[in-house]
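**Q** The chain contents come next:
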Amino acid sequence: MSVKPRIRLDKKEAKKGDLVEVKALVQHTMETGQRKDSSGNTIPRKILNKFSCTVNGKEVFAADFEPSISANPYIQFKFKATESGPVVLTWIDDDGSKIVGEEKITVT
Amino acid sequence: MDLNLNRRQALAAGAGAIAAVAFGGAAAQAQAQAKNDIQEVIDKFTGGKKAAERLVRLDLPEIAENGNTVPIGVSVESPMTEQSYVKDLLVVADGNPRAGVATFHFTPNSGVAEVSTRIRLNATQHITAIARMNDGSLAMGTKEVKVTIGGCGG
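Line by line, the protein sequences are chains A and B.
Take the first sequence: its letters are residues 6 to 113, numbered as in my numbering.
Take the second sequence: its letters are residues 355 to 508, numbered as in my numbering.
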């Protein structure tokens with residue numbers, strides 16, 4: 006299953022030291038492991054449990070998610086523009102698979 | 355914090371008792387779930403230390419109509435420099451089947467300790483955010499959210 010995350014930076018070009026806001030949305034059921042199906046069997050947990058954002062290879066923000074995070078998880082955070090480069094967002098699934106999205110930031 | 359939790363537990367227990375009389379099983383069950391693993395999760399994060407109630411601001415609706423997706427914003431006052439920054443931020447909910455909601459990790463390159471996401475809330479409950487600074491000091495904030503329709507399914 007390959008899903009494409011929707012990522013938005015509030016600016017593509019920033020001055021050094023500016024704050025850049027990142028908004029990201031990814032499609033995922035975030036199955037909690039608490040629900041039961043129609044025959045009463047527990048539906049096993051399957052969530053994105055880790056998130057990280059790197060700018061030009063350096064981690065600026067990361068998160069550990071629990072089942073209390075809503076389906077189709079949305080995340081919004083900021084980073085300080087220091088150098089130009091790729092902004093890479095990675096989500097890691099319980100099954101070990103990864104969802105990766107990329108944007109670019111130009112720092113002047 | 356201890357005092358706060360005690361008061362909360364007392365309130366939850368009291369409300370549970372009233373609910374049990376007034377509405378019977380279902381409401382009482384919802385209140386009983388307030389006794390989740392919250393203390394464990396908090397202790398694991400804080401190492402048993404107490405957090406000062408300051409600097410952490412939670413942005414949550416007072417009433418959430420749909421517990422499946424409740425917008426939450428958390429911000430922590432900090433200069434976010436190499437010398438002084440917010441390292442980790444734990445968000446817990448005392449009325450969900452499991453208390454842990456998320457842990458966020460900041461760096462000085464975050465520029466500001468602010469994050470927003472959407473969470474599931476099973477019932478009316480308190481959301482607590484605890485921040486750990488790079489020097490190990492702690493700060494926390496709490497807010498109550500009233501939930502009309504619970505969001506944990508099942």
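Derived from the structure by calculation, the hints contain no laboratory data.
Keep in mind it's a predicted model, so treat the numbers as computed, not measured.
Take the hints with a grain of salt, since some may be wrong.
[What the hints assert, rightly or not] Every beta carbon over 12 Å from chain B, so not counted as near; a handful from chain A, in silico:
1. V8
2. R11
3. K17
4. E18
5. L30
6. V60
7. E64
8. D69
9. I74
10. N77
11. P91
12. K103
13. G106
14. K109
15. T111
16. T113
[Stated by the list, open to error] Below, computed lysine-lysine pairings styled on DSS-like, alpha-carbon distance capped at 27 Å:
17. K85/A / K441/B
18. K103/A / K20/A
19. K109/A / K441/B
20. K51/A / K404/B
21. K16/A / K441/B
22. K55/A / K398/B
23. K500/B / K41/A
[To be verified] Stretches of chain B that chain A covers, calculated by requiring three or more beta carbons in the stretch to come under 8 Å of a beta carbon on chain A:
24. 407–416
25. 489–495
The C-beta atom is built at its ideal place from N, Cα and C for all residues, glycine as well.
**Q** Now tell me if each hint is right for this structure.
**A** Evaluated hints:
Here V8/A stays apart from chain B, with its beta-carbon at least about 17 Å from theirs, past the 12 Å limit. Listed as a non-interface residue, R11/A keeps its Cβ farther than 12 Å from every Cβ of chain B; the least gap is roughly 14 Å. For K17/A, the requirement that its beta carbon stay farther than 12 Å from each beta carbon of chain B is met, with the minimum near 17 Å. With 12 Å as the threshold on Cβ separation, the claim that E18/A sits away from chain B holds: the shortest Cβ distance comes to roughly 16 Å.
Not every C-beta of chain B lies more than 12 Å from that of L30/A, the closest at about 10 Å, which undercuts listing it as non-interface. The Cβ of V60/A does not lie farther than 12 Å from every Cβ of chain B; its closest approach is about 7 Å, which violates its non-interface assignment. A cut-off of 12 Å between C-beta atoms contradicts the statement that E64/A is not in contact with chain B; the least separation is 6 Å. The non-interface label for D69/A is inconsistent with chain B: the shortest C-beta to C-beta separation is roughly 4 Å, within 12 Å.
Against the 12 Å criterion, I74/A falls within the reach of chain B, whose nearest CB is about 6 Å from its own CB. Not every Cβ of chain B is farther than 12 Å from the Cβ of N77/A; the closest lies at roughly 8 Å, contradicting the non-interface assignment. With a least beta-carbon separation of about 15 Å from chain B, P91/A lies farther than 12 Å from that chain, consistent with its non-interface assignment. At the 12 Å boundary, the C-beta of K103/A stays outside the reach of chain B, the nearest C-beta of that chain being 18 Å off.
Against chain B, the non-interface label of G106/A holds: every CB pair exceeds 12 Å, the least being about 16 Å. A cut-off of 12 Å between C-beta atoms confirms that K109/A is not in contact with chain B; the least separation is 17 Å. Every Cβ of chain B is farther than 12 Å from the Cβ of T111/A; the closest lies at roughly 17 Å, confirming the non-interface assignment. Every CB of chain B lies more than 12 Å from the CB of T113/A, the least distance being 17 Å, so the non-interface label holds.
Proposed proximity of K85/A and K441/B is supported: the alpha carbons are some 15 Å apart, at most 27 Å. Between K103/A and K20/A the alpha-carbon distance is near 31 Å, which puts this suggested pair outside the 27 Å criterion. For the hint linking K109/A to K441/B, the alpha-carbon distance of about 25 Å falls within 27 Å, and the restraint holds. The straight-line distance between the Cα atoms of K51/A and K404/B is roughly 33 Å, outside the 27 Å bound, and the hint therefore fails.
For the suggested pair K16/A and K441/B, the alpha carbons sit about 25 Å apart, so the restraint of at most 27 Å is met. As the CA atoms of K55/A and K398/B are separated by approximately 19 Å, the hinted pair is consistent with the 27 Å bound. Straight-line distance between C-alpha atoms of K500/B and K41/A comes to about 25 Å, which keeps the hinted pair within the 27 Å bound. Interface restraint, the segment 407–416 of chain B with chain A: violated (0 residues with C-beta to C-beta distance below 8 Å; minimum three).
Under the rule that three or more residues need a Cβ within less than 8 Å of chain A, the assignment of the segment 489–495 of chain B is violated, with 0 such residues.
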